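In order, the protein sequences belong to chains A and B. Residues 692 to 1433, numbered by the working numbering, are exactly what the first sequence covers, in order. Residues 7 to 665, numbered by the working numbering, are exactly what the second sequence covers, in order.
There's no promise every hint is true.
Claimed, not checked - Coverage of chain B stretches by chain A, computed from C-beta distances (three or more under 8 Å per stretch; other residues unrestricted):
1) 580 to 590
2) 637 to 644
Said to hold, decoys possible - Here are the in silico distance ranges between beta carbons for each label pair:
3) B/559 with A/755: 35 to 43 Å
4) A/918 with B/629: 52 to 60 Å
5) B/416 with A/1109: 55 to 63 Å
6) A/995 with B/354: 37 to 45 Å
7) B/590 with A/1048: 37 to 45 Å
I should point out that these hints are in silico values taken from the structure, not numbers from a laboratory. Keep in mind it's a predicted model, so treat the numbers as computed, not measured. Cβ atoms here follow ideal geometry from the backbone N, Cα and C, with glycine treated the same way.
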Amino acid sequence: MVMATPLQQQLRQRKLLYLGLIVALFTLSLLHRRFVVEAAADELQLREVSRGEVDLSSAAVRLTLTGSRGLAVTFLWSSACDMQERNEWNELDLLITSITRLQPHFITPWLFQSWNLSFNVAVEFDRPRDKYFYIGRGMQLLAQGERVHQGFREEDVARGKQMFPGNPDMRHHMGITYLRKIAGSDEKEIMQCLLDLSCIDPVQREARRFKRTGLRGEEPDLAKLAEFARNYPRLVRRLNDKLEYTSPLQVVNFLEENFDVPSRFKRAESGRESELKDWKEQFPVLPFPFSDEWPNPKSAILNTRDDESLDVFLMARAWFSYAQRDLPPPLFSRRAPGGLRNLEDDLDMDIFDLKFDRLKHRIPRYMSLYVFRSYPARTYAYMAENLSDEGWFDEEGWSLRHWFERQQASGEDLRVGGEARYHTRLAWERAQRAYEQYGRDNGLLLDPDQRRRLDDKAEKYRTKYKIAHVGIGQEPRREDMAEYGESYKAHMRLHANLYFRSITNFDDFVHQTKAESAPQTTLAHKLLFKARELYRTGADPEMALTLYEVAWPLWIDVLLQNPEYAQLSHVQEDLYEVEVRYLLRLLQPQRSAELQKILSGFAQTSVWPQLPLYERLPQAEKDRIARVRNAWGPLDGIQYYDRPGAAELKEALLLWSHLAGEPLRTTGGPPATIVSLMYPGQLSRQLTRSVHRGEPLPSGWRNLLDDMNIQLVRERLGLAPSSAPPVPEVPEGAPPPPVPRR
Amino acid sequence: MFAANIIERELPQWSAFPAALRDWTQSAGTVAALGLLIWGLAQFLQGNFTRRRLLSTPRSLWVFGSALVSVVAFVALLALFPLSWMLPRTFQKLLPSLGATEMTLGDWLYTVAGAAALVAVITPPFLDLFTSFRWGRIWALARLAVKEAVRSRVIYIFAAMALVFLFADWFVPYTRGEDQVRNYIRVIYWSMTPLFLMTASLLGAFSIPTDVRNQSIHTIVTKPVEKFEILLGRFLGYGFILTVGLLLVAGLSLIYMTRSIHPSAQEESLRARRPVIGMLSFLNTRHREKGDDVGRVWGYRSYITGRNPTQPDAPQPYAVWAFDDIPSDLGAHGDVRLEYTFDIFRLTKGEQGKGVFCTFALGDGRLNPAEVPDRLKLVRKERERLQTQARQDLAGRSELAQRFRDIEVELIKTHGVYEERGVEVHDFVTQGRHMPAAFFRHMLERDAEEPRPPGAAGKRPPLLWAMVSVDFGSHSQLVGMARRDLYLLADDDFFAVNFFKGVIGMWCTVMLVLGLALACSTYLSGVISWLTTLFLVGTGLFTDYITRLAEGRLPGGGAFQSFHRIFTRIQHSAPLEETATLNILQTVDEVYAWFLRRFINLIPDVTRHDLHKYVGNGFDISWGQVILLDNIIPLIGYLFPWFVLGYYTMKYREIANPS
C-alpha cells in the first residue's frame, strides 16, 4: 500500500471537510426551510396549501405556461367575451373554467364569472331548467373558487390542523345567488321546485314510478304520488298552487320533463338507489358542514332537523353563516376578546374603528360588517315568509283531496305537511330569536334601562356642547376631557347604536319578527291566504268573503297590539293592497246587485220625482254601473292614539273602567279577574276609534294605514294618478342640463 | 351552442369559383410580378440581361414573353388611375372593382397581368416537373424524411394526447346534458390542433436548416437529386407521418368521446344532419332582408314579433325561408322533419315555464309570400267545414283521425299551403316538427309536371316557402332567427364519418403549417422560419379582424385612433372632435391600412379549416362544398405560391452548387 503524500492527505482532508460542510449546510438549510421558512409561510398564509384546496393539474399547467400565463389568460378572457356575445355558452363555460384554473388566486374572476353565468347567461335561456343549469353552474364555479380560498383542506379538518381565514365575500356571494336567482327571481317558484328536485334521489322521482296501466291506458298512480307528496309536500303544493300543475298527470309530466336537473346524486341504474356525488360536485352546492345547523351535503337526507323544512333559504343561510365564520367575533358576544360585555361597559372601545388580527380574521371587502352579519338572521325571516306565502301555517297542512275527486274517497288521511317543520309561527319564532341574538352580539339591542342610563350619562356632554340627542358630536376639548370625556363616550356609544340599527333596519326586523311570532298573527295570515285561494281558484267566493270579514278585525287587533309593526310601511302596503283587491275584485262583484241599487239610488236622489228606475233598467245597463274605485275598507278608518306613554295610558284607562268591580290594589299589573274577563285585544283597543277616512286626526293620533302608503299602493294598482313630480320638458334647442362633475 | 350551424360567412359556391380563381390570379400574380421585378432588377444589375440570354431557348422566350405581357398589362392598369383622376366620369368605372361580379376593364387588365406573371414564374418549375423531377426520387426522399422523423422520436409527441384524455375532465367538469358531445369535441380540437401544429411547424421549419447547418444535406444534394425534390420529399414524408398520427389520435379520440354519452347529447350532436337550407327574408318588417334589431352586440339574428294588439290592422311580420330546390326523395319515406333553433328576446316576463308560441307555415313557391296568410285563412275555414262534416259522418275515433289526415292532404293539394299553429318555441335548443310528406311530394310532382316559369328577372320562383310568425298570445316577445336556424332535415349520416371529415379540416391546417414552414426554411434559418410560420398562422386566427382593420371598418377607427382613444379615455362609439390631431391620426391610419391591405393575402385563413362546429352540432360536412371547395382548394391556392417561392429559393441557394 502506497502511503499518500502529506499534500494528498491534506487534499483528501480538505475534500472531506468540504463534503461534510456541504452535507451539514444542506441539512441545515432543509431544516431551516422546514421549520422556519415553511412555518412562517404557513403562518402568513403564503403557501398555496394553506390558502385552501390545491388543484394539482391547475398548478402543473400554470408552471408549464411559465411567464406567458398573463398572455394566455388575457387571450382566454377576450375569447370568453367573444363567445358570450355569440351566445356560445358551452364554449364560454369551458373558457371560464380555464381562466379560473390559470388564475386561481385572483378573487375577482371567480366572483365576476360566477355572477356572469348565474345572472347574465342564465337569463338568456327560456327553458327554466336551462336557466337553472347555468345558475347552478355559476354557483359551482364560485364554490370551487371559495374552496381554493377557504383556508383549510378537508383532510386538515379531520386532523385538527390549524385553519386559516377564508374569504367571506365569496361565501356571502353564494348565499346572495341563492337568494336572488332561486328564491327571488321572476321564476322563483319553478326554480325552487327544480331545487327540490335536485335534492331528491332521482330514483324516487322517476316519472315512470308514478305511472301505471289502467283501464284507459297509462295513468298516474295516485297512491304512489300521494306518498311522494307526503314526503315532499312543499314541492307538490308549489306546483299545484303557484304553477297550476293541478292534476296528478301534470305533476308526473313535470317530473319527467325535469328529470335531468343538476343533482346531488350520481346517475344510477334503473331500480337501484342512487349514490351521492362527492359533496363538492353536488348541486345544490353547500359549504363544508361545520355546523349541525347547516344542511349536510355528506348525508343522503340533506336536512335531518325536525324543526325546519328543506328550503332555498336554508342553503342561503348555510352560506351566510359560513361567511361569518372567519369574521372577527362580534364586539358584544361571548367570543369577543375580553369576554362578554354589554353596551355600557368599556366605553373607551371605538366601535367604528374595528381592530382585529388579520392573520386570524377577514372582513368583507365592501359591505358594512354590521349588515354583513345580519344576513343569517334575515334568512330566518325569509324562510318564515316563504312558508307563509306558500300557505303553510299550522298542523292543518294541505289537502290532496282534489286529486282523488274522481275516485272514491279513500279512508286514509289526505293531508300532507302538517308537521311542525312547516309551521310558520315556529319559523317566525326562530327568526325572532336569531335577530335578538344578532342584536345582543352586535350591541344593537338596547333595553330601556340601559338606554336611560347612557342617556343620563351623555346629557352632560350634550348640554355643554349643544349637541342634539342624536348625531355625531365633536370631541371635547382637551381641557374638558376629564370632565366630559365619559359623557362624550356615552353619547357616541348611543350614536353608534342608532347608526348601526338604522343601516341594518334592525328595529323593523325585530318588531316584525316579534309580531309575526304571535299565534294571532299567524291566524290572521292564514285567513287571508285561505280567502285569497278560494277567490283565486273560484272555488267558493262567498266563503272567501266570509273569511275576509273574519280576518279584518283580527288584523286590526294584531296591528293595534303591535303598533311598531303596524307602522312598518311594507306591512301597511301589503295589507292595503289585499284590502283594495278584496273591495274591488271580490266584495263589489259579489254584492253587485245591492251595490248597483245603492248607486242608482244615490243618483236618483238628485232627481225629482224619484221613480223606481233601477228595476226598469235592462241588465246590460245595470252592468254598466261602474264600480266604486275610491272605496274605503275596514282598516282605513281606524285611528289610534300614539304618543310616548300611550301604552301606560291605555292600561290606566282600562283599569279605571274596570276597577269598580274590583278591590283596589296598589302594586302589580291589572288584577287577575280583570285580565280574565278582558277580550284579548281590549287593552290595545283603548284610545282607538273608527271614523270616516277623511276626518282630521286629533293631535297625537295616527291612522292605522298612513296616507302615503295608501297612495303608493293606489298608484301601483292604477287607482290613483302618480304623485311623482312631472319631468320638466326641455324646450328644443335648450342647452343640456349640467352634468355633475365627479 | 345548439344544433343550428352558425356560419357567419357564407360557404363558397361552385358558381363563384371563377370569380375566386380570378381573385387568386390577381393576388398571386401580383406577388409573382413582384418576384419577377426583383429578379429582373438583380439580373439587370449583374449585367445578365442580354438579348442572347433572354431569347436563347424556347423556354426563356416563353418566360420573357409572359413577363412582357404582364408588364404591359400592369402598365395599362396603372395608367387607368391617373386617367380616372383626370377624367373621372369616363375612366372611374373602368378601374378594378376588386371582388364585384361584373368585370371591368381594370379587372381584366389586372387578371391578365397577374396570370401572365404567374405563367412566367411557374413555367420553369412546371417544365422541371416533367423533365427533371423523378417521382421515384421524391418517394425515396419522402421515406428518408419519415425515417428521420421516427428516429428523432417526434412521434412521441402524439403520446401527449394521452394526457389530454387523462385530464379532459379538467375542462368539462360539469356539463349540460345537451352540450356533452360539443364540449368533448371542443376539448379534443383544442388539444389536437396545437399539438399537431407545433409538431408540423417544428418539423417543417428545422429540418432543412438543420441539415444545412450540419452539412448533412451534402449527402443528398451531391446525388443526382433536384433541390426542389428535397422540399417535396420532406413535405410528403412529414405530411405522411402527421397524417398517420392525426388519424391514430383522431381514432382514439373518437373512442374516448363516445363513451357514456348523455341521451340528450346523443340526440343533439351524435349525428350528422344533412339539412336543406333556404334563403331567409322578412315580410312586413321595415326591411325585407332583416327584421327588428333588439340591440344585441352580435347582429347575427333578426327578430320578429307578434301583431301589436293596439294596432289590429297592422300586418303580421313573418320570417320567410325560400327553398329553391329540395332533394327529389324528400318526403318519400314519411313525414319531413323541419328543425329550428331560434333565440327569444323577451319584453315581458311571460308565463313561468312557457315558451313563445309561433305558427309555422309552408306554402307553394309560386305563390307570393304575402298571399300565403290569406290562403291559410281560407284553408282554416274549409278545414273546419270538412272536419265538422266528418264528425257528423263518422263515429269511430280511428276512422275520424284517418279522415282528418285525408282532409289535410286534400287541402294541401287544393291550396298548396299548410300550417301548424301554437307551436311552443324555446331558445338554445333544437326543436322540430314533422311536416306532412304530402306537401313536399305535391310540390315536387307539380314541379315535374309543370316546371316553374322564370320571373321578370329571369329567376325561377322558389319551390316552396317556409314561414314563421309569432302568435298573438306572445305578441310582446321577439323571436330571433338567421338563415341557418331553420332547415328541412333531408337525411342523417354517421357521426363517426363526420368526425373524420372534421379531422380533414384539421389536416388542412397541419399541411398548411408544414408547407409554410418548409417553404420558409428553404431560405431562412430554423428559428426564423419557425417564428415566421407561427406569426403568419397566428395572425391567420384573426383574419376577420385584420381584414376589417385593413378596410377601415372597425368601430372607433384604426390602430392609431384607438391608441388615442385609450389614452384620452373616449369610448369607441363616441365621435372624436374634429381637430388637427384627428386629421393626422386618420391619415396615419389610412397609410397603415394601405400597407396592411398589401400584405393581407399573405396571411392564411386558418379559421376556415376549423370544422369542429359541424361535428359538435351534429351537421354533416359535405365533401363537395365544405371539404373540397372551402378547405382543399384554398389550401392548394395558398400553398402553391409558397412552393413556387420555395422552388426558386432552393434552386438559387448556395448548397453544393456546381457553379
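Quick rundown of the hints versus the structure:
Taking a C-beta to C-beta cut-off of 8 Å, the stretch 580 to 590 of chain B contributes 0 residues in contact with chain A, too few for the three needed, and the coverage statement is violated. Coverage of the stretch 637 to 644 of chain B by chain A is violated [criterion: at least 3 residues with CB-CB distance below 8 Å; count 0]. Between residue 559 of chain B and residue 755 of chain A the C-beta distance comes to about 38 Å, which sits within the given range of 35 to 43 Å. In this structure the hint that residue 918 of chain A and residue 629 of chain B lie 52 to 60 Å apart at CB holds, the actual value being about 57 Å.
Remark: the range hint 55 to 63 Å for residue 416 of chain B to residue 1109 of chain A is upheld by a beta-carbon distance near 60 Å. Look at residue 995 of chain A against residue 354 of chain B: about 42 Å separates their beta carbons, and that is inside 37 to 45 Å. Distance hint check: the CB atoms of residue 590 of chain B and residue 1048 of chain A are about 58 Å apart, inconsistent with the given range 37 to 45 Å.
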